[in-house]
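Colleague: Chain residues, written in single-letter form:
Number of protein chains: 2
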Amino acid sequence: MLQGHQTWVFASKPVIISSAAIGGPFEAQGNLAKDFDLLHDDLWLGQDSYEQAEKKFLEQACETAIKKAGMKKEDIQFYFSGDLINQIIPSSFSARTLAVPFLGIYGACSSAIEGLSLAALLVDSQFAQNALVGTSSHNAAAEKQYRYPTEYGAQKPPTAQWTVTGAGAAVVARQGEGPRVVASTIGRVIDMGLSDPFNLGAAMAPAAVDTMEAHFRDLGLPASHYDLIATGDLSRVGHRIAGDLLTKHGVTIPTEKLTDCGILMYKENQPAFAGGSGCACVATATFGHLLNRMRKGELNRILVIGTGALLSPMSYQQKESIPCIAHAVALEM
Amino acid sequence: MLQGHQTWVFASKPVIISSAAIGGPFEAQGNLAKDFDLLHDDLWLGQDSYEQAEKKFLEQACETAIKKAGMKKEDIQFYFSGDLINQIIPSSFSARTLAVPFLGIYGACSSAIEGLSLAALLVDSQFAQNALVGTSSHNAAAEKQYRYPTEYGAQKPPTAQWTVTGAGAAVVARQGEGPRVVASTIGRVIDMGLSDPFNLGAAMAPAAVDTMEAHFRDLGLPASHYDLIATGDLSRVGHRIAGDLLTKHGVTIPTEKLTDCGILMYKENQPAFAGGSGCACVATATFGHLLNRMRKGELNRILVIGTGALLSPMSYQQKESIPCIAHAVALEM
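So the sequence lines, in the order shown, correspond to chains A and B.
Here this note's numbering is used: the first residue of the first sequence is -13, the next is one more, and so on.
Here this note's numbering is used: the first residue of the second sequence is -13, the next is one more, and so on.
Hint data in this document are derived by calculation from the structure and do not stem from the laboratory.
It is possible that some hints are incorrect.
Copies of one chain are not kept apart here, so a pair can be met inside one copy or by any two copies together.
What the hints assert, rightly or not - No more than 25 Å apart at the CA atoms, straight line, and that leaves these computed lysine to any residue pairs for SDA-like:
#1 Lys58 to Asp21
#2 Lys142 to Gln33
#3 Lys58 to Thr83
#4 Lys305 to Gln141
From just these sequences and the hints, can you work out the full model?
Modeller: Printed below as a string of structure tokens:
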């Protein structure tokens, strides 16, 4: 059911019956290491390119989630996937491996939450018994495509972020045990005129706030309804801006209740600049760490806001500013 | 409701209350010229780049469809859009202009049908009163990104296709007059090992056939149920292969009932190689020509199969074969 202008409320509360997070060597040294199902010490996973390695991460996340659900890949009815690589090739090639009906999506780093929202919609409206959501990012593949190959040693400002290497996946179903998807708020594109691709957190913060406010308004809920509110990859710079904007708009969220997956991901002493980013940031933090905390009973109701910067290297070269988007999902145990 | 393994049947039969097709100079000389709402004699539309021109085509298609529906842009509840350009920037930037909740999709040249399927799902399941679908492609932008800039004058084989310059859009709603979306069949990724990016029709034909067969099987319908069956952009080479595969699999469709939007688009004497392609191919042919024929009473029931080649220049350079997908929508007047 649509409530308000942009929030889908799922009456049947589709269940996330399993989820998985796969990470790379930098994530293995991070804060959330124990919440990953598998951590690789090699960025290549035995492949010939970083893009193929990213596909492998994604396939492993999907396989692991399917296995944890006690299912086989042919039991999956629909697969939603998207990623940052041109023409979402890791997603499309993982869909070839899975060989199930596939819907490609693109919401930049918000893709996991866009996919989770569509999967919940599909299951809630009885158009499927289950659906799989998966997404990935790879630090070296993203650097090569969006910035410079890492080997060039280009200098970065402290507002830059570190693309998470890894993948997250989740199986959403009508029946089963686990955290439930209660509602999704689909974001509008917000562009405040920022154009610095080394400061995406600042660009995305207004989109995150716009979607959070829409969510609270549509559902008539105070922010205090949630035990934790986590944005996707605003990281330190964007997180502070989002906090300031919320305060300015009269939305009070206690500091300890508002966090960001990009801040959670790495230790302070890791050279991750302002924090983590990439499709795998919100995906691994949510499908690993946050859902684990819900399953352990530490959190009952959370709101996750996937944030995406919808730029491309070409739109930047053509002097465009950065359109941003954020989608939110409300989960409850 | 899910019927069979991969077909969504829309009980409420969401209505396409309006649609629009915008084209460029080459399309103006084509077979379907009279079915375009607007034809431009300039590839640039006054913009500084082909990518920005593509965005303009898409915005015009959306504006025209919205206007024809007697609506304003703020009446649109959700917008689905995807295109071929890296990180789907024409779609994302058009979503910034529209400023309504946005879901980015990617199914290469099948995107219009993926979007139409998701829009129908959303409306049928009462999660929206209406949704807008839009997609675009631009010949010069696609050549530059996928092959060589046109100015290089690179030679092409006759199996190559001509990317349609233009955009198509449609408004899907619960109530109103117009052709109705009866069912959608979501395709699996099919890859028969072909790797020639100058012969995408051949690569995509098996995916089109797989989805058509799934559609007939899931709904227990013979192909003769439809007045016309149109694939998206198999063009002459792929169309012949699809016909042969269907015959081999025992599916009989009379020649005059099986067509392809890439063949319909241009005149035989236009230098379009094997025919049209690109996201705008199936989008403009369907949202313009085919829906017009339905509205005129010439066609009552049609099946449109959007076909997409999920390769990227990088996957080709990395010696990968071409994964393909096809999604089908059944429309009835």
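Colleague: Find the hints from earlier in the document that the structure breaks and name them by number, from lowest to highest.
Modeller: Hint 2 contradicted; others consistent.
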